[in-house]
Structure formats: structure tokens, C-alpha cells
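Chains as they are written, first to last, in our numbering: chain A, 18 to 178; chain B, 18 to 178; chain C, 18 to 178.
Since the hints were derived computationally from the structure, they do not count as laboratory data.
A portion of the hints provided could be inaccurate.
Since the list can't tell identical chains apart, any single copy or any two copies may satisfy a pair.
[Claimed, not checked] In silico DMTMM-like pairs for lysine to aspartate or glutamate, Cα to Cα no more than 25 Å straight-line:
| hint | residue 1 | residue 2 |
| --- | --- | --- |
| 1 | Lys169 | Glu109 |
| 2 | Lys123 | Asp155 |
| 3 | Lys149 | Asp173 |
| 4 | Lys169 | Glu55 |
| 5 | Lys169 | Glu65 |
| 6 | Lys149 | Glu38 |
| 7 | Lys149 | Glu109 |
| 8 | Lys66 | Asp139 |
| 9 | Lys169 | Asp96 |
| 10 | Lys149 | Glu65 |
| 11 | Lys66 | Glu109 |
| 12 | Lys149 | Asp67 |
| 13 | Lys149 | Glu59 |
| 14 | Lys169 | Asp30 |
| 15 | Lys66 | Asp30 |
| 16 | Lys149 | Asp30 |
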Amino acid sequence: MNILRVGVITVSDRAAQGIYEDLGGPALVTAVRARGWEVVAEAVVPDEKDRIQTCIRSFVRQGCGLILTTGGTGIALRDVTPEAIRAIARVELPGFGEVMRAESMKLTPNAILSRSLAALVDGALVIALPGKPQGAVDCLGFVAGAIPHAVKIAADVPDSC
Amino acid sequence: MNILRVGVITVSDRAAQGIYEDLGGPALVTAVRARGWEVVAEAVVPDEKDRIQTCIRSFVRQGCGLILTTGGTGIALRDVTPEAIRAIARVELPGFGEVMRAESMKLTPNAILSRSLAALVDGALVIALPGKPQGAVDCLGFVAGAIPHAVKIAADVPDSC
Amino acid sequence: MNILRVGVITVSDRAAQGIYEDLGGPALVTAVRARGWEVVAEAVVPDEKDRIQTCIRSFVRQGCGLILTTGGTGIALRDVTPEAIRAIARVELPGFGEVMRAESMKLTPNAILSRSLAALVDGALVIALPGKPQGAVDCLGFVAGAIPHAVKIAADVPDSC
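Chain A with its partners taken away, still in its complex shape:
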């Protein structure tokens, strides 16, 4: 069994500018490793669609089968992570957003505002998690069981395409 290769992207204007420390990314890295998966790439990018998209595609080329983003899934004007991912995705997997919201709402009613989602980009599974470190780790936990199977199917590119 191959070890799952994971990229972690923190999407945050303030973290990218160094105004405050990125906590979501490190929290996810720890959670990923605790599952026995390998973190092969990490980045902090501002809340800008093209920067998010470029980073995701770069991580896919670096061999990430799973890319986790944290941040930018809320409803503020600068929250564009869902739009960035959708614009380059082959398909969206609505079940991930549904489960992450339903489970998170049991912990905090404001999770109803979350636009967390999962989609396939260039043969990798991309999951957009909330920006708060605990929320990101919790949401990863809610969907982790289906991730290895999803990554395997997502990567199954036919001979000619």
C-alpha cells in the first residue's frame, strides 16, 4: 500500500503577509502525520484565486494525491477558496461539504456558514477546510475515512486522455 502523499495550503492574507503566525497549516500537518500519511508540500498563500490555483496545481505536479487547504471558506469578501477550486475542478464531491457542515454544526451553529467542499483537480483530491485550526482538523476527521479510496480513484487516469 502506497503512503498517501499530502500537500497543505494555508489560505490567508494575513498569514501570507506575516502579520500573524499560521496555525491552521501546522495543525493540519500534525493531523495528517498522525494518520500515517506523508506531508510532501506546504505553502501559505493570500486569499487570491490565481495564487490558490497555482499552488494546487504545483502540488499535484509534485505528486500530492491529496491537497488540503485551510482558510477562505467563509462568506467574507476575501473568502474565495471555494471559487478558486471549483474553477479548476473536473468534478465536485458534494458529500464532503454536506458531511463537514452537518458534523461541524453539532459543535458550533455557525458552521452553517461554511462553504467547505471537496473536488478533483488534475487527478488529485482537494479538500477545502475551514480556517480555524481546530475546525480544519475536526473537518478532516469527519471525512478522513473515505479519503484513501477517493484518492485512489481520482488518480486512476486512463491510458489516453
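Chain A is already provided as a structure; the job is to place chains B and C on it using the hints.
For chains B and C alone, coordinates are given in the frame of chain A:
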């Protein structure tokens, strides 16, 4: 703490023509006031996209941070409220539709047909509720807890934009 | 009360090529008849958008008020049933996908990957079910209660339109 300013729009061809009395709007007005929120605008419009959109935008300009529509969320040919809202929305908040359907289905199986939703339009939170008065009031109740926070974030327009 | 007229479409490259026997279609036919509904059309088509769309529209013209597809709702490259249906649908009914996923996940965690959905096409209700026979029959069961009412409303075409 500012009082939440609310607009209520009944979307119904027959109510707009005076064929029958609008019951959904008054039921929502009562429910809104019972929460301590202020109803600052009310209207009845036919099931026509541009009329719905014009009314929503007018209510935003009148200072509504929350706009509730009732009607037009079903699957009949004239039910166009979701399409009207989506076409002018910056983002949709899928959690609202998911919660309203999941909770309504506990009361009536046909709620699975509902296309209720929430979205942000011009800095206001717009929630499309069912046409039946009790269904509209029930659905408002299912999501009311997150509304004040959502309205506050939705209105948070930056200096230049 | 009119008997519900149903079309069943198996979407599968391999079944269409005769590489293996179509089991999902027959399983659905049995489940449909067990509900007292009538199967008036059956087909096996490859995972190609235009073939799926042509078959759905042909079944509508043959008088099907409900069209069930099985297969092509996953995330493999050839899984295009959701896209085929959405491209010709008047409206999507998000509650069906939500319920089918939520209930299926109680049986198998990988159901989170399902892109099952329901939509209205040319006045008929189209439901895209999973490819596995048991999954298709289970998902039909999860939403069957609302189907007769949905089909009736979907078919309610006004005089001029």
C-alpha cells in the same frame, strides 16, 4: 447591539394579483418580530425573476441586512425564486438549504422537493423560504441561530471595493 | 390514480459492450414493480453524455414520468451521468442527492463520494442512482416516498409555455 433590519417578500403570482390573501408574508413578519428583529420593508411580487431581483436590491438599499422571501422554491414551472436569487448573488451558503431540508423532512417527506437556499446579495443575507406559511416560519426557525452572525459578516464591506 | 410510468437506464460502458451482464437495471426493474409502478422502457447505454441525454429524452417522449439511471455517478473519468442530466435539466432537486448520500453513508462510508442527484427534464423526474445494484435499489428506497408527488408536479405543464 444593532437591531436586525429585515425585509419580507412574498413571491406569488396569485397573491400579487389579489386572487388570494398573502398569508406567508404576515406569518413571517410576526415570526421576525417575535425574535426582536425589525421589519422595515414588505412586498408582494409575482413569480418573475426580474421582479424578485429588483425587490431584493431595493430592500438592500433601504437598509435591510436580512431579506426573507416566501414562495417560489418548489419545482413547478413558475417557481423561479432560487434562480432569481442565484443570478444576483455573490456566494451561496449551501448549509442553509441543507439544514432547512433535513429538518423539514422530519415534519413532511415532501420537503425533499424544496429548493430553499440562502445567499449573499449586495452585502445582505437573502433566505428563500417555502411558500406555505407554516413551512416558512418553521424553516426560519431552523436557521435563525446563525442569522445575526451571518448578517454581520455579510455587511462587512471593506474600504475600497 | 394513474400508475407511475417508469424508464430504467443502465449507464455502463462495459454493460453496453456486453462485457458483463447488466445487473443494476434488472434490480431496479424488480424494485419498481414491487412498488406497483410500471416499467415501460429499459435501455443500456455507454458512459457518454449525448447517449445518456438522448435516451432520457426518448423515454420522456414514450410517456415516462420517472426515469431512473444506474451508474456513472462516481468520480472516475468516465462517470458523467450527473453532468449529462444537469445539462438538459430545468431544475435540480438537491434534497434527493442529500438524502441518498446521508442514508447511504449509514451503510457504507464511501457513499460520501456519490454524486447521485435528481432533476427535472422535459417534465419528467430523473433520478441518477449508483451503479451497484444494491446501492441503486437502496437509494431508490430512501427517496421513493416523495416520488409520486414529485412526478405529478413535474408533469404539470401549463396551457401555454
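Failing hints, ascending?
Every hint satisfied by this model.
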